[in-house]
Amino acid sequence: MTEPQTDTTDESSPPPGAALLSTGRRIFAESRLALLGLAITLGVVVTAILAPVVAPYDPTAQNIAEAQLLAPSLTHPMGTDQLGRDVFSRVLYGAQLSLQVGLIAVGVAIAAGVPLGLIAGFYGGYIDETVMRSMDVLFSFPAILLAIAMVAILGQSTLNVMLAIGITYTPIFARVTRSGVLSVREETFVDAARAIGDTNRSIIARDILPNVVAPIIVQATVSLAFAILAESALSFLGLGTPPPDPSWGRMLSNSRNFLQTAPWTAVFPGLAIMITILGFNFLGDGLRDTLDPQNETEEGGSI
Amino acid sequence: MAYGTYVVKRVLLIIPILFGVSVISFGALQLLPGGPVEAAFGTRANAELVEQLREQYGLNRPVYVQYFDWITNIVFDLDFGQSIRTEREISELLTTSLPVTIWVAGAGALVSVVIGIPAGIVSAVNHYEPEDYLATFLAFLGLSIPNFFLGLVLILLFSLYVPLFPSSGFVSPLDDPVQGVRHLALPAITVGTAISAVVMRMMRSSLLEVFSEEYIRTARAKGLSRALVTNKHAVKNALIPTVTVIGLNFGYLLGGVVIVEQIFAIPGLGRLTLTAITTREYRVLQASLLVIAFMFASVNLVTDLVYAYLDPRIKYD
Amino acid sequence: MTLLNVSGLKTEFRTDEGVVQAVNGVDIQVEAGETVGIVGESGSGKSVTALSMLGLVDSPGHVTAGSVEFGGEELRTASESRLQDIRGNDIGTVFQDPMESLNPVLTVGEQIAEVTRSHGRFEGENIDWLEESLLGNFVPRRSARKRHPESWDHAVEMMRQVGIPEPEQRAREYPHQFSGGMQQRAMIAMALACEPDLLIADEPTTALDVTIEAQILNRLSELQADHDMGMLLITHDLGVVVETCDKVAVMYAGQLVETGTVEEVFRDPAHPYTRRLLAAIPDASRRGGRLEAIEGNVPDLVDMPDACYFAPRCPHAHDACYEAVPTQRDVSGTQQARCVLHDDHRSLPWDTDGDTTDIAANNGDSQ
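Protein chains in written order, with my numbering: chain H, 72 to 374; chain W, -2 to 314; chain D, 5 to 371.
Just so you know, these hints were derived from the structure itself, not from any lab.
Using N, Cα and C, we set each Cβ at its ideal position, and we do this for glycine too.
Among these hints, one or two may not hold up.
Unchecked claim - Here are the simulated lysine-lysine pairs, DSSO-like style, with alpha carbons at most 27 Å apart:
(1) W:Lys312 to W:Lys233
(2) W:Lys233 to D:Lys14
(3) W:Lys312 to D:Lys150
(4) W:Lys6 to W:Lys312
Stated by the list, open to error - A few chain D positions that, by computed beta-carbon distances, are all more than 10 Å from chain W:
(5) Glu84
(6) Glu104
(7) Arg149
(8) Ala283
(9) Asp304
Just chain H, with the same shape it has in the complex (with noise of 0.2 Å):
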C-alpha cells in the first residue's frame, strides 16, 4: 500500500516553521505564476516603503506657475499633474497608501469574518443560520455600494475607508472560513480530540484552525488585491481617501478633464492600480493551486 499523498500540513511532531518553509519552497517551485506574482508583489512593497527616499520631489508640492501639465521628461519622469505636482512622485507615494489601506482593510475583514466563519462552522444548527443569513443580507449588496454607503455614514477619512472596506469583504472570510470548518469538521481527529475530552475551543484552535488557514491565506491575498481595487475605485467616485494625500485613484479621477491633452496623469496611476493587482492576482492564484485544491476560496471579483 503506497503512502497517501497529501498536502503537507502536518500538526504533529515538526515545527510549523520548517513545515511553513518547505510549503513556501515547493509553492514557488512549482508555480512560475505564483514567482512572478511574489516579485511583482515584493516591488510594490519595496516602493511603498522607500516612496520617501526614491521620490525625486515632494508629492503635495504643487508649482501651477512653472510646472503644470507637463510631458514626460527627464526632470519629470511621468510628468505633471494639473496643479505641477510630479506624477511620478505621486505614484511612488501612493504605493505606499495603498498597501496600507489593502492591509488594514483585509485585516478588519479576517478579525471579523473568521471567527464568524469558526463559530457557524463549528456549531452549526442555529448559531449557523442566524450567522449566514446576516452574511448573505450583506452580500446582497453589491460590494462596492456596500463600502460606499459606509463611507458617507461614517465619513470620508482614510480610516474610514479602511473600516467600510474591511466590513465589506467580511462575509468573504466568514463563507471560506466556515466551508473550510465544515469539511474538517467530521475528520476523525476531530472526534479523537472530543473523546479525549477537549474542550470546544481547544477543538477549533488547535485541530480546526490550522487546516483552515491555507484557505484563508489564499483569500486573503486575492482580498487584497480587490482591497487596493476597492480603496482606488472609492477615491475615484470622490469617497476615498481626503486630498492632498496622493491615492491612484483620486488621480485617475482628477485626469478625466485633462484625458486628451494630458493622458500620461491618467496612464500611470492606472498602470499602477494594474500592475498591482496583477501581481496579487498571480500570487493568490499560485497560492491557490498549492494550498488550496479544493478551491474553497472564491473569486472576489472585480470591485
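Once you have looked at the hints, place chains W and D on chain H.
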C-alpha cells in the same frame, strides 16, 4: 423536490433578506448626526424652517413608527416618499433610472458572455498550448484592470482619438437602436471585461472537467466528429455552472455599472445612489438601496432557477 | 477474412513515475459471428486494449506498436476521419458504467439517433452545421423527433429490441430517469444502431445485478446471432466468459498469458495464472475451506523485468522463468500459454486428466 415547490421556496426566501436590508438601510441612516432636513439645507437653514419641515415629514416621531410608515407605504402603495431637495416623487426617480441601469447591466453581461464563453472553449480545447496561455493571460489582465481605468482608456482611444463612440449619455435602444447601441458600446465593454474573465475561466475549468467524463469517451466511440463532441456534448454540460457564475457575479457587475454610470454620465440607478450620498438625500438613498438589494436578490433567485431548469437531473426529479 | 486481427499491440503511458507499459504485445483474432473474451483482473490492461484498437487512447497514453486490422484495413494508419466513419458504424462499443457513460443533458433517444445520423443512415437527416457549432446551444430548435423522424423511429425500435419497455416514452427521457439495467440496454442500443460488424463490450454487466446481467447477456447473444456480428467481450467475470464466449484470452500485466477455446482453457488451463484464477472461485461444494487467493500483488507496470511477469507469484516458478519473457507456447489444438512449463509437455506439475463438470474442479495443484 418538484421544481414548482423549489421555485416557491426560493421566492419566499427573498422576503426575510429584503426585510433585513430595509431595516439596515433605514436604521443606519438614522445614526447620522442631524437629520435629512438639516443635511439638505446645511447651515443656511433657519431653525424655524427646519422645524417646520421636520414636522411636515414626520421626522419627530419615534424611529419605529417612521420605519413602519415607510415600509408599509412601499409595500402597499409603492410610495417611496419624496425627495426633500427637489420635492419629486422618489418612485418617479426610480422608474426613470432603473431601466437605464438594467440596459447597461444587461449589455455588460452580454459582452461578458460573447467574449468569455468562446474564449473559455478555445482555451480548454487547446489547453496547455499557446492559445490557452494567451487566453488565460488576457483573462488575468481583464480581471486586473480597474474598470474605471479601462473606461477612461476606452474613452481616450475610441471617443477622443478616434471618434467612433460617444463618451457620455444614454439613449434607449428601444427609442433609437443605432444611437442606443453606440451609447451603450463603451460602457458595456467596460463593465463586461472583468466579468468575461471570470466567465472564461469558469468555462475553461468546467469544460476540462467535462472532457474527462466517460460520456465524452462514449461520444467519440460513436464516431461523432470532434466539433460535435465538443460543442454539443461537452459544452452543453459545461455551460450549466458557467451560466450560474454570471448570476453569482451580478453584484460585481452592478458595482461596475455604478462606476460606469459616473464615467459616462449615464442617468441610471447607480448615479442616482451616488448623488444621493453626496447630497445627503437619505430618503432617496434608502429607496435606491432597497431597490438594488431587491434586484440583486432577484438575480440570485433567477440564477438558481435557471440552473435547476438547465440541468435535467434537477428538473426532472 | 478475419474480422478483427490484432497483432503485437503495445500501449504505454508516460507518467511522473515512469513509463507504464499497459499493453505489452497483444495478439487477438475475432471472426465474424464469433465471441472472444478477454479476461483479467483490474489493472491487467484489458480496457486499454479495447481503447487502443479504436484509437481512443489519449495523452499521456500512446499506442506504440502493433497492427489492428479490421476487415483487412489497417486502423493504426487510418486518418481520424476514417476512424470516425468506422466507430459507431462498423464497430460498436459498450462501456462499463452506463450511468457515467451516457450524457446527462441529452435525451436517450437523441443519443441513439445521433449514431445513425452521424453515419448518414437516413437520407437528409444528418448532423447539420448549427448542431455542431457553439451557437447550437443557444438557438432553440424543433424537437429531435420532428427534425429527424426516421432516425428517431429507428432509435425507438432499437430500444424495443434491446428490451426497454415503452420505448416511445422512454426515448424522450434522460439517462438519470432510467434504472441501471435500462441504461445499459440503452448503451447497447446505441452500439448496435448502425448494425456494426463487430461489437466491443467492456465489462457490460459489471455494474448490474446478477439477474439483469443474465437478461442482458442473453439479449446480446440473440442480437449477435441475428446480425452475424463478431463480439469482443472484456470482463473479469469467468462465469460470463463460460456462458457467452467461444474463445478466450487471459490477460495479466498487459500481456496475454493464455489463449484458446473456452473448452480448452477451462477444462485444462495451461498457465499457472489461469489455474489460480479458476481455483480462486469460491465453490459451494468445498465449504469450510479457505478461499484460495493468489499470493502477492499485480506488478507495478513500470520497468518490467526481462522475465516471466507472473513468476514472483507462481507456485511453479523456477530458474528458467527468469531468463527472459516467455513466448507463447503451443499447448494443444488452438490453445497457447506463455509459460516455459510447456516446453516439455510430459511433465506438468498438475494432473491433466481431470474432467470438468464445474469450473473449479481443477484445483488439484500439488504444492
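Chain W versus D:Ala283 - minimum CB to CB distance exceeding 10 Å, so not interface | Holds: least Cβ distance 34 Å, greater than 10 Å.
Was D:Glu84 rightly flagged as not at the interface, with every chain W Cβ beyond 10 Å?
-> violated (8 Å)
Would D:Glu104 pass as off the interface with chain W, using Cβ distances and a cut of 10 Å?
violated (4 Å)
### Pairwise hint evaluation, D:Lys14 against W:Lys233, where the allowed Cα distance is 27 Å at most
violated (35 Å)
*Taking 27 Å as the top limit, are the C-alpha atoms of W:Lys312 and W:Lys233 close enough?*
Distance ~15 Å between W:Lys312 and W:Lys233 Cα, so the pair holds.
_Just want to verify: D:Asp304 was marked as not at the interface with chain W; is every Cβ pair farther apart than 10 Å?_
Check passes; 24 Å lies beyond 10 Å.
* Are W:Lys6 and W:Lys312 close enough, with their CA atoms no more than 27 Å apart? -> Satisfied, since the Cα-Cα distance of roughly 15 Å is no more than 27 Å.
### Message
What's the verdict on W:Lys312 and D:Lys150, does the C-alpha distance respect the 27 Å limit or exceed it?
### Response
The given pair, whose Cα atoms are some 23 Å apart, holds under the 27 Å limit.
Mind verifying the non-interface call on D:Arg149? Its CB should be farther than 10 Å from each CB in chain W.
holds (17 Å)
In summary, the numbered hints that this structure violates are 2, 5 and 6.
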